[in-house]
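Q: Here are the chains, one letter per residue:
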Amino acid sequence: MKYVSEFRSPEIVDALLKEIKRTVKGTWHIMEVCGGQTHSLVKNGLLNMLPDNVQMIHGPGCPVCVTPISLIDKAVHLAMEHDVILCSFGDMIRVPGSGMSLLEAKSKGGDVRILYSPLEAVKIAKENPAREVVFFAVGFETTAPANALSVVHAHREGIKNYSILTSHVLVPPAMEAIMSDDDCRVDAFLAAGHVCAIMGISEYYPLVEKYQVPIVVTGFEPVDLLEGILMTVKQLESGEYKLENQYTRVVESEGNKNAIAVVDKIFEVTNREWRGIGNIPFSGYAVKKDYSDYDANKKFSIAITEAHEDVTCLSGDVMKGKIKPHQCPNFGTKCTPLKPLGAPMVSSEGACAAYYHYNLTTA
Amino acid sequence: MCLAIPGKIQSIELLYGGAVKMAKVSFGGIIKEASLEMVPTADVGDYVLVHVGVAISKVNEEEANKVFGYLKEAGELDELYDTELSSSPQKL
Numbered sequence: 001m002k003y004v005s006e007f008r009s010p011e012i013v014d015a016l017l018k019e020i021k022r023t024v025k026g027t028w029h030i031m032e033v034c035g036g037q038t039h040s041l042v043k044n045g046l047l048n049m050l051p052d053n054v055q056m057i058h059g060p061g062c063p064v065c066v067t068p069i070s071l072i073d074k075a076v077h078l079a080m081e082h083d084v085i086l087c088s089f090g091d092m093i094r095v096p097g098s099g100m101s102l103l104e105a106k107s108k109g110g111d112v113r114i115l116y117s118p119l120e121a122v123k124i125a126k127e128n129p130a131r132e133v134v135f136f137a138v139g140f141e142t143t144a145p146a147n148a149l150s151v152v153h154a155h156r157e158g159i160k161n162y163s164i165l166t167s168h169v170l171v172p173p174a175m176e177a178i179m180s181d182d183d184c185r186v187d188a189f190l191a192a193g194h195v196c197a198i199m200g201i202s203e204y205y206p207l208v209e210k211y212q213v214p215i216v217v218t219g220f221e222p223v224d225l226l227e228g229i230l231m232t233v234k235q236l237e238s239g240e241y242k243l244e245n246q247y248t249r250v251v252e253s254e255g256n257k258n259a260i261a262v263v264d265k266i267f268e269v270t271n272r273e274w275r276g277i278g279n280i281p282f283s284g285y286a287v288k289k290d291y292s293d294y295d296a297n298k299k300f301s302i303a304i305t306e307a308h309e310d311v312t313c314l315s316g317d318v319m320k321g322k323i324k325p326h327q328c329p330n331f332g333t334k335c336t337p338l339k340p341l342g343a344p345m346v347s348s349e350g351a352c353a354a355y356y357h358y359n360l361t362t363a
Numbered sequence: 001m002c003l004a005i006p007g008k009i010q011s012i013e014l015l016y017g018g019a020v021k022m023a024k025v026s027f028g029g030i031i032k033e034a035s036l037e038m039v040p041t042a043d044v045g046d047y048v049l050v051h052v053g054v055a056i057s058k059v060n061e062e063e064a065n066k067v068f069g070y071l072k073e074a075g076e077l078d079e080l081y082d083t084e085l086s087s088s089p090q091k092l
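Those protein sequence lines, which keep their order, are chains V and E.
Everything in the first sequence is counted per the numbering used here, starting at 1 for the first residue and increasing by one.
Everything in the second sequence is counted per the numbering used here, starting at 1 for the first residue and increasing by one.
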């Protein structure tokens, strides 16, 4: 384990924190967009180590959290009423719908399977030609190539009993929606490292220019996050706004061309409903018409009543940085990970659940 | 959800006349299948960052060991075990 120390070494963390404290003069609100980064900040106790005038705002970057409740209901309906083999990632299976989660559907006899990869779902379809197999394909840009590739593989093999129920969301339109909100308090962004490993960084230049906001592409380890925060604070204190890349060891400016090509082959950009935020134009992917045989939304007629969110849930205010999770009156009382009222309490990458799991009530 | 785990390519299988490149990748001894279609130059012995069964970039050995060590220590490798396929590896 000789390598471990470098990413969380107390000496490096201390040095970065000191440098941040030396640099910061004003009060700044920095949003980490990615739920993985939120999770890492909370889990490693970094929020309590940062100076009080560097406030982290936890963005909507948890795909499981922002998947609309009505889509979860659709997946449950497919598992229970259409006799499909319903597959998804472990996180997604546990999120409650308006009636039940997919995990509960499984306990009631639905054929629900937790998979590591959508490519495994294609194998299941091949092995079960008499059954329909649906992969509940959630994710940000990082996951889009894998979900798209599952359709490419199924198509290439002539597998007809495979389709995906997509709830794909995109980071830059969400950042734009946050910045264009009149009450927005975000002074700078840490952009999500692996999203940029796929898509590259060019999409962020227009945001930097339009909103005059610093954006730093950042990794996930504690030292990455502190470096990203330091780079951001340096820009803010000097009145600069530019796009920088802290995560150069993984992110190349142009992204991964092969991944972008497979995403473009299968998906097209569409408007998308974000749980807790609402509809954001051009903020997600849908399966292209050429591949509609693999689109579960087209393949199955699913008539379910639209589910409504709990009106007392303040998750929208949390994801826009207006309040901290523990400042919500329902936090830890009416709203817990086992019985969440809203999106950010549903997965460990959601801000409310992260605060709840790590008992964070002061940051 | 956007976690990517570094692993070492153990073997490569070409399918459909070379159109699909699948690898067996070792994550600290846990072997999983991963597509190399996004990183076609990756070869046996190389390290790749894998996200949900698809390699998304190559990394060097030192970086791979650092990140894997960190993720293991931080208890972030559940997704390697959190599956139900009969071919799933056993938890180490």
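Since the hints were made in silico from the structure, they are not lab data.
Here the structure is a predicted model, which is why all the values come from computation and not from measurement.
Please note: incorrect hints may appear among the correct ones.
Pairs of lysine-lysine, BS3-like flavour, derived with a Cα cap of 27 Å [unchecked claim]: (1) 58(E) <-> 160(V); (2) 288(V) <-> 8(E); (3) 288(V) <-> 24(E); (4) 58(E) <-> 24(E); (5) 25(V) <-> 322(V); (6) 72(E) <-> 126(V); (7) 8(E) <-> 210(V); (8) 25(V) <-> 8(E); (9) 21(E) <-> 298(V); (10) 257(V) <-> 21(E); (11) 265(V) <-> 72(E); (12) 265(V) <-> 58(E); (13) 58(E) <-> 257(V); (14) 257(V) <-> 8(E); (15) 322(V) <-> 21(E).
Sample of chain E residues facing chain V (criterion: CB under 10 Å; computed from the structure) [to be verified]: (16) 1; (17) 11; (18) 12; (19) 13; (20) 14; (21) 18; (22) 20; (23) 29; (24) 31; (25) 43; (26) 44; (27) 45; (28) 70; (29) 73; (30) 74; (31) 78.
Think of the CB as a built atom: it goes at the ideal place given N, C-alpha and C, for glycine as much as any other residue.
Q: Look at each hint and say if it fits the structure.
A: Okay, the hints, checked on the actual structure:
For the hint pairing residue 58(E) with residue 160(V), the CA-to-CA distance comes to about 33 Å; that exceeds 27 Å, so the pair is violated. Among the hinted pairs, residue 288(V) with residue 8(E) is inconsistent with the structure: their alpha-carbon atoms are about 34 Å apart, more than 27 Å. Restraint check for residue 288(V) and residue 24(E): the C-alpha separation of about 31 Å exceeds 27 Å, so the hint is violated. Proposed proximity of residue 58(E) and residue 24(E) is supported: the alpha carbons are some 15 Å apart, at most 27 Å.
Of the pairs offered as hints, the one joining residue 25(V) and residue 322(V) holds, with about 22 Å between alpha carbons and a cut-off of 27 Å not exceeded. For the given pair, residue 72(E) sits about 34 Å from residue 126(V) by alpha-carbon distance, which is inconsistent with the 27 Å threshold. This hinted pair does not check out: residue 8(E) and residue 210(V) have alpha carbons roughly 42 Å apart, beyond 27 Å. Annotation: proposed proximity of residue 25(V) to residue 8(E) is violated, straight-line Cα distance about 45 Å (limit 27 Å).
Only pairs whose Cα atoms come within 27 Å are accepted, and residue 21(E) paired with residue 298(V) is rejected, the gap being roughly 30 Å. The hinted pair formed by residue 257(V) and residue 21(E) meets the criterion: a straight-line CA distance of about 16 Å does not exceed 27 Å. Taking the CA atoms of residue 265(V) and residue 72(E), the gap is about 35 Å. The hint is violated against a cut of 27 Å. Simply put, residue 265(V) and residue 58(E) have alpha-carbon atoms about 23 Å apart, close enough for the 27 Å limit, and the pair holds.
A threshold of 27 Å between alpha carbons decides the hint, and for residue 58(E) with residue 257(V) the separation of about 14 Å falls inside it, so the pair holds. For a cut-off of 27 Å, the pair hint linking residue 257(V) to residue 8(E) stands: about 22 Å separates their Cα positions. Only pairs whose Cα atoms come within 27 Å are accepted, and residue 322(V) paired with residue 21(E) is rejected, the gap being roughly 47 Å. Taking 10 Å as the C-beta cut-off, the interface hint given for residue 1(E) holds, the closest approach to chain V being about 5 Å.
For the restraint placing residue 11(E) at the interface with chain V, the shortest Cβ-Cβ distance is roughly 17 Å, beyond the 10 Å limit, so the hint is violated. Among the interface hints, the one on residue 12(E) is violated; its C-beta lies about 15 Å from the nearest C-beta in chain V, farther than the 10 Å criterion. For residue 13(E), the interface hint is violated, the least distance from its beta-carbon to any beta-carbon of chain V being 13 Å, above 10 Å. Interface restraint check: residue 14(E) against chain V, minimum CB-CB distance 14 Å, threshold 10 Å, status violated.
Nearest Cβ of chain V to the Cβ of residue 18(E): about 13 Å, over the 10 Å cut. The hint is violated. Residue-level restraint check for residue 20(E) holds (minimum Cβ-Cβ distance to chain V is 7 Å; threshold 10 Å). Violation of the interface hint for residue 29(E) is found here, the shortest Cβ-Cβ separation to chain V being roughly 15 Å, above the 10 Å cut-off. Residue-level restraint check for residue 31(E) is violated (minimum Cβ-Cβ distance to chain V is 12 Å; threshold 10 Å).
Given hint, residue 43(E) at the interface with chain V, is violated; its Cβ is 16 Å from that chain's nearest Cβ, farther than 10 Å. The criterion of a C-beta within 10 Å of any C-beta in chain V is not met by residue 44(E), whose closest approach is roughly 19 Å, and the hint is violated. With a least beta-carbon distance of about 19 Å to chain V, the hint placing residue 45(E) at the interface is violated under the 10 Å criterion. Annotation: interface hint on residue 70(E) holds; nearest CB of chain V at approximately 4 Å, less than 10 Å.
Given the 10 Å rule on beta carbons, the hint for residue 73(E) holds: about 5 Å separates it from the nearest Cβ of chain V. The beta carbon of residue 74(E) is positioned within 10 Å of a beta carbon in chain V (closest approach about 7 Å), and the interface hint is therefore held. Taking 10 Å as the C-beta contact cut-off toward chain V, the hint placing residue 78(E) at the interface holds, the least distance being around 7 Å.
The structure fails to meet hints 1, 2, 3, 6, 7, 8, 9, 11, 15, 17, 18, 19, 20, 21, 23, 24, 25, 26 and 27 from the earlier list, while all remaining hints are met.
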